[in-house]
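> One-letter residues, chain by chain:
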Amino acid sequence: MKNILSFEWKLFIRSKTEVLIWLFMLISGLYAIFYGTSFQQRQQEVVSALDSRYNARIQRQLSGFSADTTTKEGKEAYNYSTDPFLNEYRVGTMVWKTPAPLQALSIGQSDNQPFYYNLWVYRNVYLSGEGELRNPDKLLAGNFDLAFVFLYLFPLLIIVYTYSALSKDKEAGIAPLLVSQGLSLRRFVAWRLLFRFLVVFALVILLSLAGYTFAKVPFDTFVFWLLGNALYLIFWFSVVYLVLSFRKSSALSALILVSLWVLFLFFIPSVINNRYRAEDPENVHLSDLSREYSGSLWDLGKKPLMDTLWHVRPQWANYPVKDTNEVRSVAYSFLNTLKLNEEGFKIDRDMITEQEKLRKPDIINPASAIQRALNDLAGTETDVYVTFRKDASDYQVKRLEAIHDFRLSGRRFNREDFLSLPVFQPTGAKSTLSFLQALLPAIYLTLILLIAGILLHRRTAE
Amino acid sequence: MIQIIKNEWINLVRNRTALWLLGILVVLSGFTIGQAAYQFKETLEHRNQAAELMRSRFTGQGEVNPHSAAHYGHFVYKPVTFLSILDEGVNPFSGVSLYLEGHRQNEALFSPSQQSSSSVRFGLLRLNLILQMLLPLFILFVCHNAVSREREEQTLNMSLSQGITLRDLAWAKILAYSIVWWVLLALILAVVWLITPSGSDGVTPGRVAGLFLIYSIYYYVITALAVYVSARSKSSGNALLTLLALWVFTTVILPKATANIGDNLHPLISRLDLEERISEDNKNGLDGHDPRNERTVRFRDSLMTHYGVDSVNKLPVNLDGLTMQADEEYHDIVYDKHFDGIRETVRKQNSVTAWTSWINPFAALRNLSMSLAGTDVYHHFDFMKQAEDYRRVIIKKMNDEQAYGGSKTGDWDWTVKGDFWEKINDFSYVPQTAGQALKNNVPETAALLFWLLLVSILVHFTVNKIKTV
Numbered sequence: 001m002k003n004i005l006s007f008e009w010k011l012f013i014r015s016k017t018e019v020l021i022w023l024f025m026l027i028s029g030l031y032a033i034f035y036g037t038s039f040q041q042r043q044q045e046v047v048s049a050l051d052s053r054y055n056a057r058i059q060r061q062l063s064g065f066s067a068d069t070t071t072k073e074g075k076e077a078y079n080y081s082t083d084p085f086l087n088e089y090r091v092g093t094m095v096w097k098t099p100a101p102l103q104a105l106s107i108g109q110s111d112n113q114p115f116y117y118n119l120w121v122y123r124n125v126y127l128s129g130e131g132e133l134r135n136p137d138k139l140l141a142g143n144f145d146l147a148f149v150f151l152y153l154f155p156l157l158i159i160v161y162t163y164s165a166l167s168k169d170k171e172a173g174i175a176p177l178l179v180s181q182g183l184s185l186r187r188f189v190a191w192r193l194l195f196r197f198l199v200v201f202a203l204v205i206l207l208s209l210a211g212y213t214f215a216k217v218p219f220d221t222f223v224f225w226l227l228g229n230a231l232y233l234i235f236w237f238s239v240v241y242l243v244l245s246f247r248k249s250s251a252l253s254a255l256i257l258v259s260l261w262v263l264f265l266f267f268i269p270s271v272i273n274n275r276y277r278a279e280d281p282e283n284v285h286l287s288d289l290s291r292e293y294s295g296s297l298w299d300l301g302k303k304p305l306m307d308t309l310w311h312v313r314p315q316w317a318n319y320p321v322k323d324t325n326e327v328r329s330v331a332y333s334f335l336n337t338l339k340l341n342e343e344g345f346k347i348d349r350d351m352i353t354e355q356e357k358l359r360k361p362d363i364i365n366p367a368s369a370i371q372r373a374l375n376d377l378a379g380t381e382t383d384v385y386v387t388f389r390k391d392a393s394d395y396q397v398k399r400l401e402a403i404h405d406f407r408l409s410g411r412r413f414n415r416e417d418f419l420s421l422p423v424f425q426p427t428g429a430k431s432t433l434s435f436l437q438a439l440l441p442a443i444y445l446t447l448i449l450l451i452a453g454i455l456l457h458r459r460t461a462e
Numbered sequence: 001m002i003q004i005i006k007n008e009w010i011n012l013v014r015n016r017t018a019l020w021l022l023g024i025l026v027v028l029s030g031f032t033i034g035q036a037a038y039q040f041k042e043t044l045e046h047r048n049q050a051a052e053l054m055r056s057r058f059t060g061q062g063e064v065n066p067h068s069a070a071h072y073g074h075f076v077y078k079p080v081t082f083l084s085i086l087d088e089g090v091n092p093f094s095g096v097s098l099y100l101e102g103h104r105q106n107e108a109l110f111s112p113s114q115q116s117s118s119s120v121r122f123g124l125l126r127l128n129l130i131l132q133m134l135l136p137l138f139i140l141f142v143c144h145n146a147v148s149r150e151r152e153e154q155t156l157n158m159s160l161s162q163g164i165t166l167r168d169l170a171w172a173k174i175l176a177y178s179i180v181w182w183v184l185l186a187l188i189l190a191v192v193w194l195i196t197p198s199g200s201d202g203v204t205p206g207r208v209a210g211l212f213l214i215y216s217i218y219y220y221v222i223t224a225l226a227v228y229v230s231a232r233s234k235s236s237g238n239a240l241l242t243l244l245a246l247w248v249f250t251t252v253i254l255p256k257a258t259a260n261i262g263d264n265l266h267p268l269i270s271r272l273d274l275e276e277r278i279s280e281d282n283k284n285g286l287d288g289h290d291p292r293n294e295r296t297v298r299f300r301d302s303l304m305t306h307y308g309v310d311s312v313n314k315l316p317v318n319l320d321g322l323t324m325q326a327d328e329e330y331h332d333i334v335y336d337k338h339f340d341g342i343r344e345t346v347r348k349q350n351s352v353t354a355w356t357s358w359i360n361p362f363a364a365l366r367n368l369s370m371s372l373a374g375t376d377v378y379h380h381f382d383f384m385k386q387a388e389d390y391r392r393v394i395i396k397k398m399n400d401e402q403a404y405g406g407s408k409t410g411d412w413d414w415t416v417k418g419d420f421w422e423k424i425n426d427f428s429y430v431p432q433t434a435g436q437a438l439k440n441n442v443p444e445t446a447a448l449l450f451w452l453l454l455v456s457i458l459v460h461f462t463v464n465k466i467k468t469v
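Line order of the protein sequences matches chains A and B. Residue numbering for the first sequence follows the working numbering, beginning at 1 and increasing consecutively. Residue numbering for the second sequence follows the working numbering, beginning at 1 and increasing consecutively.
Everything labelled a hint here was simulated from the structure, so no lab data went into it. Remember, it's a predicted structure, so these values are computed and weren't measured experimentally. Accuracy of the hints is not assured; some may be wrong.
[Said to hold, decoys possible] 30 Å max Cα-Cα, derived BS3-like pairs, lysine-lysine:
no. : chain 1 : residue 1 : chain 2 : residue 2
1   : B       : Lys423    : B       : Lys408
2   : A       : Lys339    : A       : Lys398
3   : A       : Lys168    : B       : Lys417
4   : B       : Lys234    : A       : Lys72
5   : B       : Lys417    : A       : Lys303
6   : A       : Lys170    : B       : Lys6
7   : A       : Lys346    : A       : Lys360
[As the list claims (entries may be wrong)] Just a sample of chain A residues kept apart from chain B, beta carbon distances all over 10 Å, derived:
no. : residue
8   : Leu5
9   : Glu8
10  : Leu11
11  : Leu139
12  : Tyr152
13  : Phe266
14  : Asp350
15  : Thr380
16  : Ala402
17  : Arg411
Just so you know, even glycine gets a beta-carbon here, dropped at the ideal spot from N, CA and C.
Please model the complete structure; the sequences and the hints are all you need to start from.
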């Protein structure tokens, strides 16, 4: 074994092509880390800007409570702080999702879905086109992140390193020499593949460590990341091991392996994607509601409008409301938000259902299983976005309840009231159990391939 | 030459693996066309129903104040072109509906990819996956041993001893294979053309012919390259590996890498900064020294001077309507300034990939295919532009009605007659012609022609210099 490994090492470092390809992958990986971290940094800068501007607005509102009301400016500042509606207008409540460190290595859908929302009383998160400006062409091309390098390019590296692991000795006429020395070709191939695995895995570790350092990934997340990628490598080595058992020529083996690569990374996922069609892709119902429901609320008379509002929040019925315009504004904002959220939650459920449906065929495609698992780990999968959006809409309702309560009761804010308004508390991160569960299909398929490979190698050896 | 072409066809027919693969590709293409056409029909119905519903809401809003109606707004939907069954382009990544309202421009909402899991990033099975990735891979598989096989079987020198040159042989093989791909392509496009629903926007003979032309050139280029590499390679195995490496590099690695480099080189402004700049320009004027309040006062005074009155109450028109329209028009200029900048940044980002067409013919094919199918980013921009123009028209009509329809300044309860809305034309997107679309793809078009010329010159002038033993 030691001899084989040292022989393979010498072969490897003498092969300029193999070393160059290794270095090419290293550079690709480093660029991917650079791209991923710069992308994450841009999102982080936006989050920091949101945070600092939001805090500045809150400080400004706080200072308004102690403004000198003998001056015109002071009176206005005081009014803008103590009036619940005007206060909220000036605060411009925003919520955001801070990018997780691993996002830099697995961007997933985080470049495509909003990561902050403006919760102004007349806005609705489900109708908000907010999110960063995006170039659709860039979205179509996808991200050159480390997950892409590992998922798409490393299988090619494995193919280049292994397609002739068995046939090249035959084609060079040295296989009989090896056999005559009492060496089992089957074992020889196994050791050769092990060596190649170590060479590739070393690169995975090296790049992951670089990513871990630059993106400041937590250690436990890093371990799971490595585990997922190691499994993916083992899967591809199992594929190679199986294909080599067919004992075809080097060129044909390479063609079969590249075809399998196309199958796993392009064909199967695209066929599966074709199967899923959203019921209302244009969200016509939501759009129609946004226009018609708000219009119907606006057109309602005072009495039916108040009755509708008291029906959803009976505690507000006890207030001696005098200002008709105030009720109209509160009802319009609150009832509209509840109604649109109701429709929005259906969209959320559809998105989660789609994700679950698309997860099912992972058993035949470890590439998508691992991609999803890595995205889950990085917090860049759709369910994380859906959770964030739901949290944002729930928070908007809580905040509206608090503000409207003051408006309807005719009370004004004081400093303590303002400070005790609900704060955004996003739902916690998902458990790592789901990560391991997401890997299961890949584990099963890898085991099946390995067993099939071993059996076929035995048969062909006989 | 004709005999060699016939021989190549006979060899192709005898190659069972190739025939099987070709058969699979043909069946797959048929299946993909059928499924995509069915999905297109569904999408078209959805969009038409949605557009009709929104139009009926708009025209049926009855007697309302025009300014309230501007706030209720109107939804328009992005039309789908039948050629998207061939190449869906950026459609999954761009919004499908646009909310048009007074005072502000919105972004297109509900892009299919935004509502999907990360699986969407693997793409959909569309003809472009077959025509741009799988068929070229098949071409490489078939052509990699075009010359090397003859060398390995030691029939090459026999052929050459009969008086033909290696160049003639290479040309004959290139032509033989290219004709097969062209026929296959023509059949696929003919099926697409034949099943195109009558009256489909965006499916013109020019676009279909353009698609045939670009794919034909691309297949010719890679066939010629494959034959050339085959002639130069010591063995068929080496030729196949070289070609596979080139295929992976040009089809998978380069397009993604260049799109990302474009993003790094020309980053888009953050929305936060954009909104701040727009707000600032609206508030303090485009030059920073023309505050909104002063603009409003100036406008009011000019109006009173025009009508020769000393008070807004004496104006024979509704000042609110005219002020809102003036404000809209100023805001439009601000919007155009900023969004033209954004479109320019996107163009710069995309130009990185476009210019790599000179070293990667796949990049040229990819962009030209989307462009001719009417599904590239510039078609999306064109839809947004036409929808925005429509927004300006309807908002102006509402403001004008408020101003000249008989209401008085400050009378926000005044309403238009119920039939007013019917007089406003529906939004109708006018598709670009193929020529207009291709104006955005000059580097790609030139590069594809360059590749056509380059491989032809390469084969014609250098193949004979290759050692045949």
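> Are the hints correct? Go through all of them and say.
Against the structure, the hints come out as follows:
no. : hint                : in the structure
1   : B:Lys423 / B:Lys408 : holds (23 Å)
2   : A:Lys339 / A:Lys398 : holds (15 Å)
3   : A:Lys168 / B:Lys417 : violated (85 Å)
4   : B:Lys234 / A:Lys72  : violated (90 Å)
5   : B:Lys417 / A:Lys303 : holds (27 Å)
6   : A:Lys170 / B:Lys6   : violated (35 Å)
7   : A:Lys346 / A:Lys360 : holds (21 Å)
8   : Leu5                : holds (25 Å)
9   : Glu8                : holds (20 Å)
10  : Leu11               : holds (17 Å)
11  : Leu139              : violated (4 Å)
12  : Tyr152              : violated (6 Å)
13  : Phe266              : violated (6 Å)
14  : Asp350              : violated (8 Å)
15  : Thr380              : violated (7 Å)
16  : Ala402              : holds (26 Å)
17  : Arg411              : holds (29 Å)
Hints 3, 4, 6, 11, 12, 13, 14, 15 from the list above are not met by this structure, while the remaining hints are.
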